[in-house]
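Chemist: Single-letter residue listing:
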Amino acid sequence: MELIHIGVFTVFGLLYLLVLPARWRTWALFIGSILAIYWLQPTLNIRWLDYSLPTATLAISVLGWLITQQPQEGGAKLAREDWVALGVMTALVLSLTLTRYITIPVELTSRPPETWQVALCLLGLVSVIFALRRRPIRTRVITVGLFFLVCLFIVLKTDGLSRWLSSILRTQTGQDVALASSIDIQWLGFSYVAFRLIHMLRDRQNGLLPNLRLREYLTYVIFFPAYAAGPIDRVERFSEDYRHVGMLDGNRANFIALGFTRITIGLFKKFVVADSLAFFSLSAMTFGQAQSTGAVWVMLYSYALRLYFDFSGYSDIAIGIGILFGIQLPENFDRPYLKNNITAFWQSWHMTLSNWVRFYVYSPLSRALLKRKNKPHPNVIILICTVSTMLVIGLWHGVTLPFALWGLWHSIGLFVHKLWSDRTRKWYRELKQHPRLLQLWQVTGVLLTFHFVLLGWVWFALPDIEATVRAFGMLMGAVR
Amino acid sequence: MRGWEWLTESRYTLLFVVRVFIKAIVLFIAANLIFAIVDPIPLIGQISIYNLFVPGRERLPYGESSAAYNLSLNSLEAMFSSHTVSRKKADNEFRVLVMGDSSVWGVLLDNLDTLTGKLNAASLDIRGKQAEFYNLGHPIMSATKDLMLMDYGMRYQPDLIMWLVTLESLPYPKQIEAPLVQNNAARVQPLIERYQLQLDVNDARFVQRDFWGRTLVGQRRALADWWRLQLYGINWAATGIDQLYKDYEPRSNDLDTDISWQGFTEANELKENTLATDIIKAGTQVVGDIPLIIVNEPIFVADGVNSDLRYNFWYPKWAYDRYRAIMQELAAQNGWHYIDLWDAISPSEFTDSPVHLTPQGSAQLGTLLGDIVSEWAATPN
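Same order as they appear, the protein sequences are chains A and B.
When we follow the numbering used here, the leftmost residue of the first sequence carries the number 1, and every step to the right adds one.
When we follow the numbering used here, the leftmost residue of the second sequence carries the number 1, and every step to the right adds one.
Quick caveat, the hints were computed from the structure, so don't treat them as lab data.
Among these hints, one or two may not hold up.
[Stated by the list, open to error] The following residues of chain A were derived to be distant from chain B, with all beta-carbon distances above 10 Å:
1) 10
2) 124
3) 142
4) 154
5) 168
6) 176
7) 210
8) 280
[To be verified] Computed footprint of chain A on chain B; a stretch qualifies when at least three of its residues, placed anywhere within it, have a C-beta under 8 Å from a C-beta of chain A:
9) 92 to 106
10) 314 to 324
Even glycine gets a Cβ: it sits at the ideal position worked out from N, Cα and C.
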């Protein structure tokens with residue numbers, strides 16, 4: 001989100017709270033979110049893609065909704081409301097193609113394909129819906145859906161594969177294949193959309209997913225304040241707020257006060273603090289120019305703080321805008337750099353992502369290992385689950401060796417901390433009798449944890465192993 | 001909301017929200033009014049992390065590349081506060097300010113290879129004091145810009161000033177072309193009046209800020225530039241980079257047949273008063289009692305096609321010869337300490353323009369000027 005997006009969303013939030021009749025609010029969220037995902041999508045080099053990617057998000061989400069419908073006699077049933085929602089969505093998607101022919105004041109999407117081409121694709125989607133609506137949805141279909149999402153995710157997050165996809169798309173559009181690059185396929189929000197869809201598919205498999213109408217389901221998946229960078233809400237929590245947006249009127253002042261405060265704090269964090277720190281944060285370029293150990297340390301501290309202020313500021317803005325629309329998104333950060341151990345750090349850094357992987361990677365894996373006949377030692381189970389979980393978090397940022405090593409770095413930290421806290425529990429309890437010592441211990445813990453996380457960011461900030469090894473060398477005082 | 005209890009536990013009313021908005025608007029208007037009345041930009045410009053938390057810059061900020069951690073800005077206060085010249089002068093320091101254009105600033109040269117870098121490396125002892133040379137060159141060809149910087153630089157207690165000039169800085173139309181000059185009307189206009197320069201004090205190119213232009217909103221660019229300069233200070237300290245050294249196209253050795261220069265075509269058209277020599281005269285007055293050495297800086301002398309007509313792609317021979325003659329005459333008439341080094345550096349030591357030097361060329365010039373300064377210092381007053 002750029003400043004213009006934030007400004008417009010804030011103004012619309014005020015109108016939504018103060019002017020819009022309560023009965024239209026869920027429709028406003030639905031229509032607003034559809035238009036917003038086109039507007040937020042950056043312009044891409046491949047023809048039609050900045051229109052096609054949000055459209056694909058909608059199509060995948062509709063199919064996701066269809067296969068997560070509660071099993072009923074005779075298959076999934078589409079209520080009248082669902083057909084209306086589908087009709088509104090189709091009308092909006094088609095209307096956006098008209099920007100090829102007419103100029104509107106706000107460019108929601110830059111280069112849509114021709115209307116008839118989109119109409120044909122949408123007809124295909126509606127046919128699939130017709131075909132599926134009378135058939136009972138089998139678990140196998142959900143598994144296929146999960147597999148598809150994970151594969152798509154891997155393709156988009158792997159440089160070589162996304163370049164390959166880019167060259168295919170360039171061939172289709174008659175563009176120069178030699179210019180194919182992974183940045184051609186910058187699918188805004190897909191990481192978050194995929195996690196929300198996987199969450200619902202898995203919950204459907206486990207019988208935990210509440211019954212949702214298409215409009216509610218789609219609004220949850222593409223809710224515009226959280227579309228680009230989270231937080232990753234849980235659908236049952238989102239639904240609770242969503243179903244009450246018609247009843248905000250007695251509380252409008254609080255929503256405005258809270259929303260504005262969070263947006264203002266977020267703007268300051270992101271656009272003043274983080275953007276200032278960005279000037280001298282660690283990157284391949286600045287590291288290549290650093291002249292001394294001290295300089296690399298300054299760059300690394302700056303990187304760590306920038307990352308926090310940028311992401312937590314963004315989360316504040318998303319939460320603030322969400323509040324203006326009556327949806328209270330979950331918190332994503334809780335002073336993570338002030339935690340005195342690495343486990344507490346991960347309970348307070350990008351909390352919605354950590355919770356997601358805990359639910360859908362750590363817990364199922366540990367349950368599966370515990371159910372085995374030849375159960376491994378509990379510590380081995382913890383190690384396997386921690387490494388797997390942290391690798392998922394690492395690779396979620398991009399399928400590269402440095403991100404994997406970053407995940408491994410944190411999993412080692414978490415595992416060592418687990419062993420340490422198991423062995424020192426009694427000693428720690430006794431330490432509580434000595435407040436001064438306890439305080440000293442906690443301060444030491446904060447410093448150690450912060451610096452452990454800080455050194456981990458080296459993997460995150462630099463693009464290859466050679467650079468990270470050199471960076472660690474310089475941080476430890478070795479001459480370049 | 002965890003951590004947000006201070007905010008969420010209160011109950012607000014729409015009236016409260018409206019009051020907050022009104023107060024915010026009033027504060028915003030008040031801040032803008034105060035800003036417009038007080039005009040704190042010069043004061044803010046003097047606040048600097050340079051020479052305090054990070055080393056001072058060795059040349060004035062200039063450039064538009066974020067990769068070089070440098071920027072062009074218009075606040076002389078901010079520019080000089082970021083420079084080593086604003087350090088406290090040591091008791092045993094003999095302070096020499098070196099003024100000039102891009103050749104002094106050191107385009108394509110590392111700080112150690114600039115003219116002042118080379119002069120400082122020589123560790124000259126002048127009248128029992130350690131000579132420190134400060135690079136106050138700025139890559140714009142305008143004698144007026146030099147005069148303005150020199151006038152400002154006088155507050156840094158120089159013991160000697162060296163001013164490197166060339167013909168390209170002297171056409172009148174060029175004097176107020178630079179944004180740095182246009183945006184410092186309040187400094188340049190008094191100089192025009194005081195020294196009765198042949199420049200229009202009401203030139204439309206001078207940027208006069210109206211009331212709105214002086215508000216916080218109107219001055220946001222100046223504030224952002226100042227802030228960016230401070231942030232780049234950390235990069236400067238960490239990397240020592242203030243310029244991108246990229247491949248360049250070497251100055252041409254083969255030249256055009258056109259022998260006009262700035263609209264002039266004959267030597268007799270170029271006179272003392274058709275060149276901005278009055279600005280050089282003003283420079284000799286601005287410095288007051290401080291000694292000033294004026295140097296005609298070395299130029300590239302081509303030997304390729306049409307080199308019988310032109311010295312290089314800037315200068316036809318007739319125009320440059322005439323300029324040198326005028327400068328010699330003026331120096332003799334006014335008793336200036338004037339040195340003409342126009343052909344002192346071998347043509348192979350010029351890079352992308354007729355005045356930009358290689359590190360070796362810069363070293364040669366440094367040695368020459370070092371000798372001149374030592375000789376001057378040895379001469380009784």
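Chemist: Which hints, by number, does the structure contradict?
Modeler: 8, 9 and 10
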